[in-house]
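K.L.:
Here is what each chain is made of, one letter per residue.
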Amino acid sequence: MKTFRLKIRPHSSFLTPWQADTIFGSLCWILAWREGTDALTKFLQEYKNGNPAFVLSDGFPCDLFPTPLHISLRKSKGDNIEEYKRTKELKKVSWLSPEVFESVRRGAIEIGATDAYKAIKTYTTLHSSINRITGTTGDEGSLFELEEFAIESRELKADTLSIYIKIKDGWEERVESLFKDLSLIGYGKKRSVGKGSFEIVGALEPYNKFDNFGEANGFVTISNFVPAKDDPTDGFYKTMVKYGKLGGEYTFNGNPFKKPIIMLTVGSIFYVKGDNKPFYGRMVEGVSPAKPEVVHYGYAFSVPIKIDI
Amino acid sequence: MIIKKFIAITGIIHCEAGLRIGGTKEGIVEPGGSENTIIRHPITLLPYILGSSIKGKMRSLLESDASSGAQILDDGKPCKCGRCLVCKVFGSHGMSNKEITRILVRDCSITPESESVLRTAQEERGINFAEIKSENIINRKTGTAADKGLRTQERVPAGTEFNMNITIKLFKDDDEDNILKIVNKGIDLLQKDYLGSSGSRGYGKIKINNLEIREIN
Numbered sequence: 036m037k038t039f040r041l042k043i044r045p046h047s048s049f050l051t052p053w054q055a056d057t058i059f060g061s062l063c064w065i066l067a068w069r070e071g072t073d074a075l076t077k078f079l080q081e082y083k084n085g086n087p088a089f090v091l092s093d094g095f096p097c098d099l100f101p102t103p104l105h106i107s108l109r110k111s112k113g114d115n116i117e118e119y120k121r122t123k124e125l126k127k128v129s130w131l132s133p134e135v136f137e138s139v140r141r142g143a144i145e146i147g148a149t150d151a152y153k154a155i156k157t158y159t160t161l162h163s164s165i166n167r168i169t170g171t172t173g174d175e176g177s178l179f180e181l182e183e184f185a186i187e188s189r190e191l192k193a194d195t196l197s198i199y200i201k202i203k204d205g206w207e208e209r210v211e212s213l214f215k216d217l218s219l220i221g222y223g224k225k226r227s228v229g230k231g232s233f234e235i236v237g238a239l240e241p242y243n244k245f246d247n248f249g250e251a252n253g254f255v256t257i258s259n260f261v262p263a264k265d266d267p268t269d270g271f272y273k274t275m276v277k278y279g280k281l282g283g284e285y286t287f288n289g290n291p292f293k294k295p296i297i298m299l300t301v302g303s304i305f306y307v308k309g310d311n312k313p314f315y316g317r318m319v320e321g322v323s324p325a326k327p328e329v330v331h332y333g334y335a336f337s338v339p340i341k342i343d344i
Numbered sequence: 004m005i006i007k008k009f010i011a012i013t014g015i016i017h018c019e020a021g022l023r024i025g026g027t028k029e030g031i032v033e034p035g036g037s038e039n040t041i042i043r044h045p046i047t048l049l050p051y052i053l054g055s056s057i058k059g060k061m062r063s064l065l066e067s068d069a070s071s072g073a074q075i076l077d078d079g080k081p082c083k084c085g086r087c088l089v090c091k092v093f094g095s096h097g098m099s100n101k102e103i104t105r106i107l108v109r110d111c112s113i114t115p116e117s118e119s120v121l122r123t124a125q126e127e128r129g130i131n132f133a134e135i136k137s138e139n140i141i142n143r144k145t146g147t148a149a150d151k152g153l154r155t156q157e158r159v160p161a162g163t164e165f166n167m168n169i170t171i172k173l174f175k176d177d178d179e180d181n182i183l184k185i186v187n188k189g190i191d192l193l194q195k196d197y198l199g200s201s202g203s204r205g206y207g208k209i210k211i212n213n214l215e216i217r218e219i220n
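Chains as they are written, first to last, in our numbering: chain A, 36 to 344; chain B, 4 to 220.
These are computed hints drawn from the structure, not numbers from a lab. Here a beta-carbon is modelled for each residue, glycine too, at the ideal position from N, C-alpha and C. Do not rely on the hints blindly, as some may be mistaken.
Unchecked claim - Lysine-lysine pairs mimicking DSSO-like chemistry, simulated, CA-CA at most 27 angstroms apart:
no.	chain 1	residue 1	chain 2	residue 2
1	B	Lys83	A	Lys326
2	B	Lys83	A	Lys224
3	A	Lys77	A	Lys203
As the list claims (entries may be wrong) - From the structure, some residues in chain B lie toward chain A, with a derived Cβ separation under 7 angstroms:
no.	residue
4	Phe9
5	Ile10
6	Ile12
7	Gly54
8	Ser55
9	Lys101
10	Val108
11	Asn139
Make the full structure from the sequences, and use the hints.
P.N.:
Below is the structure:
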C-alpha cells in the first residue's frame with residue numbers, strides 16, 4: 036500500500052465532520068450508484084476479510100495533524116501545580132503543525148503553547164420553511180437552526196482540507212474517480228442545499244512523511260477506529276460514541292439509524308510489539324436493525340510513532 | 004439505482020433590487036449598526052446566498068404552480084406525496100415514498116467584481132458590504148410615523164452579483180427532459196417572484212444572466 040494525500044477545498048460550510056467512516060460510507064454509495072450493488076458487495080467483502088482496497092484518514096484542515104493523546108495524558112513528572120496547569124493547557128491542543136507533529140512522532144512530548152491552532156469555526160445559522168399558502172415564513176415551528184463548521188482560513192492562511200489515503204496498487208485511479216464524483220454530489224448532511232460542497236485541488240499526490248523508523252514502538256491513529264481482536268491494547272486512547280446513519284436509498288427504509296458504536300478517537304496511540312502494520316481495526320457488522328448487510332467502517336490509518344514516556 | 008449523468012446549471016444572479024436574507028447577529032453587530040443583519044460567511048464576513056434559500060423558494064413556487072401536480076397541505080406545509088415531479092427532484096418531506104433528491108443547489112458566493120466594488124465602498128464610505136435601510140410604520144389615524152415603528156434592515160445593495168451553481172443528478176430511469184423542464188421552470192418563477200424577504204415591497208428581485216446548462220464529464 037502506498038500513501039497519498041488528497042487536498043480538497045470546501046466551497047461552503049459543512050454540517051458533517053470529515054471523519055473517515057463517514058467519508059467511506061459516502062464513497063460506497065457512489066460505487067453502488069456507478070457500478071451496481073453487486074460490485075459494492077464484492078468491494079466490502081474484501082474489507083470484511085481484512086484486505087481493504089484503501090484506508091482513509093479523517094479530513095484535516097490545511098496541513099495540520101491531530102495531537103497524539105499521550106501529550107496531555109502523559110504521566111505527571113511531579114505533583115507540583117505548574118505541572119497540572121501544563122497538562123490542562125495541553126488538553127486543549129487539538130491540532131499540530133507538520134513540523135511539531137513530526138517531532139512528536141520522533142519522541143518529543145513537550146510542545147509550545149504557540150503550536151496550538153484554532154482550525155475549525157463552529158457557528159449556527161437560522162433557517163425557516165415557507166408556508167405554501169401565505170408564501171411567507173414565520174409560522175410556529177418553521178424556524179430551525181443548524182450547527183455548521185467552516186475552516187478558520189484567516190488564521191491558517193489556507194482553506195483546504197487534507198485527506199490521507201493508503202491505497203492498494205492499481206486502485207489509485209478508482210479512488211480518485213470516487214472522490215471526483217463525491218465532489219459533484221457534496222459531502223454529508225444537507226448537501227442538496229449546498230452544504231459540504233467542495234472541489235478537489237490538484238490530484239492524488241504521493242506522501243512519504245509517515246514512514247516507519249527504527250525507534251518507532253507504536254502507532255498513532257489519524258482516523259477513528261474499532262479495534263480488531265488481535266490489535267494492541269496497551270496505549271493511550273479516548274472513546275467516542277458514533278451514532279451512524281444509513282445513506283442513499285437506505286435512508287428511506289423506515290429506520291435509517293445504525294446502532295451506536297464505541298470507537299477509539301483520532302490521536303489514540305498504542306504500543307506495538309514487532310512491526311507496525313499499515314492499518315489496524317476492522318469492519319463492524321450487524322449495525323443496522325433494518326438492513327443486516329450494512330457494515331460500519333472501523334479501520335485505523337496508523338502512523339508509526341516513538342512513545343517515550 | 005445507477006447514475007446516468009450529472010448536469011450543471013450555472014449563471015450569475017444579478018440583484019435588481021436590494022436583497023435581504025436574514026442572518027444571526029452573533030459577533031457582527033456594531034454599535035449603532037442594524038440589528039436585522041444579513042447572512043454572511045462566518046470567516047470572510049462577505050454576504051452570500053444560501054443554497055437552501057434558492058432551493059426552498061424554487062420548490063415552494065413550483066408547488067404552488069397548478070401544473071406541477073404537487074399537493075400542498077392545508078396548513079401550508081410542503082408536498083409529501085413522494086410521487087410528483089417536485090418531490091422526485093427536490094426530495095419528499097416525511098419518510099413515505101421518498102427518493103434520492105436529484106437537485107443540489109450550492110451556496111452562491113459573491114462574484115470577484117462585486118466583492119471588489121463593495122470592498123472599495125467599505126474603504127471609502129465605511130459600508131459593511133450591505134446597505135442599511137430604515138423603515139417605518141404609518142399611524143393610520145394621524146398619517147404620521149407610528150410610535151416605535153422605526154427599524155433598520157440590512158440588505159445587499161442592488162447591482163450585486165452572485166455565482167449560481169446547481170447540479171442535477173440523473174439516474175438511469177429518470178426522465179431527463181421533464182426534470183430539466185421543471186428545474187428551468189423553477190428558475191423562471193424565481194425571477195418573476197423574489198428571493199429572500201420583503202418581496203412584496205420590492206426587495207429580492209433578481210435576474211439570472213449567463214444561464215448555462217451542460218453535462219459534467
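K.L.:
Now tell me, hint by hint, if it's right for this structure.
P.N.:
Verification of the supplied hints:
no.: 1; hint: Lys83/B with Lys326/A; verdict: 25 angstroms, holds
no.: 2; hint: Lys83/B with Lys224/A; verdict: 20 angstroms, holds
no.: 3; hint: Lys77/A with Lys203/A; verdict: 16 angstroms, holds
no.: 4; hint: Phe9; verdict: 5 angstroms, holds
no.: 5; hint: Ile10; verdict: 10 angstroms, violated
no.: 6; hint: Ile12; verdict: 13 angstroms, violated
no.: 7; hint: Gly54; verdict: 3 angstroms, holds
no.: 8; hint: Ser55; verdict: 4 angstroms, holds
no.: 9; hint: Lys101; verdict: 4 angstroms, holds
no.: 10; hint: Val108; verdict: 6 angstroms, holds
no.: 11; hint: Asn139; verdict: 20 angstroms, violated
When each numbered hint is compared with the structure, violations occur for hints 5, 6, 11.
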